[in-house]
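Undergrad: Sequence:
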Amino acid sequence: MKSKVNNIRRQFNRNANRYDTHAHIQRKMQELLVNRLIGWQEQTEMNQPNILEIGCGTGALTYHLTQQFPAATITALDLAPDMIKVAQERIANEEIHNQSVSNISRDRIRFVQEDIEHWSLNEEAGSFDLIVSNACFQWLVTPQETLKQLRRLLRPGGMLLFTTFGPKTFCELHHSFDEVYKSFGLKPQRHGLSFHSIDEWNQMLVHADLINNRYEQFINIENYDSANHFLHSVKAMGASTSEANSSKLSVRRLMTSMLDEYDNTYKVQAGVVATFDLLLFQSSILLK
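Going by the working numbering, the sequence shown wraps up at 291, each residue one higher than the last.
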């Protein structure tokens with residue numbers, strides 16, 4: 004687990020300064036969260052919530068939270084220190100240009116560089132009214148245990164709201180890898196993350212004693228100039244496609260063949276297509 008976490012940290016540190024340039028999918032996912040947050044705020048009439056943001060990244064959602072909940076106390080947590088640095092710079096720049104965020108950014112945001120799966124074990128129960136996370140939970144090593152801890156951290160009536168990627172994400176990429184392996188008479192291997200399904204997430208939420216579990220799914224098709232351009236963009240978002248390796252096939256030959264397969268199979272007028280399976284989950288705990 005520690006090795007995997009360190010690898011994730013390195014990936015995001017390496018790409019922190021160019022992350023926003025390629026994070027258009029994450030921005031779409033943030034819009035889904037924001038729409039749900041508006042409904043929650045209207046329903047609860049809560050203006051001063053204690054908020055935990057998991058995987059704050061470059062601070063895009065963090066800044067939105069300061070605007071939607073100007074009296075909130077926000078703990079913005081991320082694994083990668085370079086991401087937090089960019090997030091802090093974003094908030095500081097907004098302070099200069101927008102006086103309305105000066106008080107909350109200076110006094111009410113606490114940036115924490117930590118692994119949520121470790122950090123959550125030691126935090127006081129019932130600390131947060133809202134736990135929110137955008138495009139982060141796919142990186143959890145032990146999602147079931149982490150959800151149990153997040154449920155412990157929620158106050159009665161509190162809400163957990165998160166987006167993540169579903170199993171149809173990058174289906175074109177995985178199919179292209181499979182076809183290349185089969186063309187060389189080899190058993191296909193998985194490259195990159197395996198994403199949990201809606202049913203799997205729902206089961207984990209139930210086992211964590213979270214209730215009123217709701218979800219939405221959005222299939223988003225993106226166009227890229229080429230398969231190589233797509234991979235470049237994905238890696239700039241911190242993802243990796245190099246987890247598997249075959250001693251019978253060199254990495255260079257594998258990747259060259261996969262890119263050719265992708266370009267030939269998923270070619271459209273605008274380049275190539277890539278599928279993003281976007282999942283949104285909302286859960287809560289009972290009022291006492």
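Hints are computed from structural coordinates only; laboratory data are not their basis. Think of the CB as a built atom: it goes at the ideal place given N, C-alpha and C, for glycine as much as any other residue. Do not rely on the hints blindly, as some may be mistaken.
What follows is a set of in silico ranges between Cβ atoms, one per label pair, in the way DEER data are often shown [what the hints assert, rightly or not]: (1) 190 to 129: 31 to 37 Å; (2) 220 to 147: 19 to 25 Å; (3) 278 to 17: 21 to 27 Å; (4) 228 to 17: 35 to 41 Å.
Here are the simulated lysine to aspartate or glutamate pairs, EDC-like style, with alpha carbons at most 20 Å apart [claimed, not checked]: (5) 238 to 23; (6) 270 to 182; (7) 171 to 225; (8) 151 to 182; (9) 238 to 203; (10) 185 to 263.
Undergrad: Each hint: holds or not?
TA: Tested hints:
{"no.": "1", "hint": "190 to 129: 31 to 37 Å", "in the structure": "49 Å, violated"}
{"no.": "2", "hint": "220 to 147: 19 to 25 Å", "in the structure": "21 Å, holds"}
{"no.": "3", "hint": "278 to 17: 21 to 27 Å", "in the structure": "25 Å, holds"}
{"no.": "4", "hint": "228 to 17: 35 to 41 Å", "in the structure": "23 Å, violated"}
{"no.": "5", "hint": "238 to 23", "in the structure": "12 Å, holds"}
{"no.": "6", "hint": "270 to 182", "in the structure": "16 Å, holds"}
{"no.": "7", "hint": "171 to 225", "in the structure": "13 Å, holds"}
{"no.": "8", "hint": "151 to 182", "in the structure": "39 Å, violated"}
{"no.": "9", "hint": "238 to 203", "in the structure": "26 Å, violated"}
{"no.": "10", "hint": "185 to 263", "in the structure": "15 Å, holds"}
Of the numbered hints given earlier, the model fails hints 1, 4, 8, 9; all others are met.
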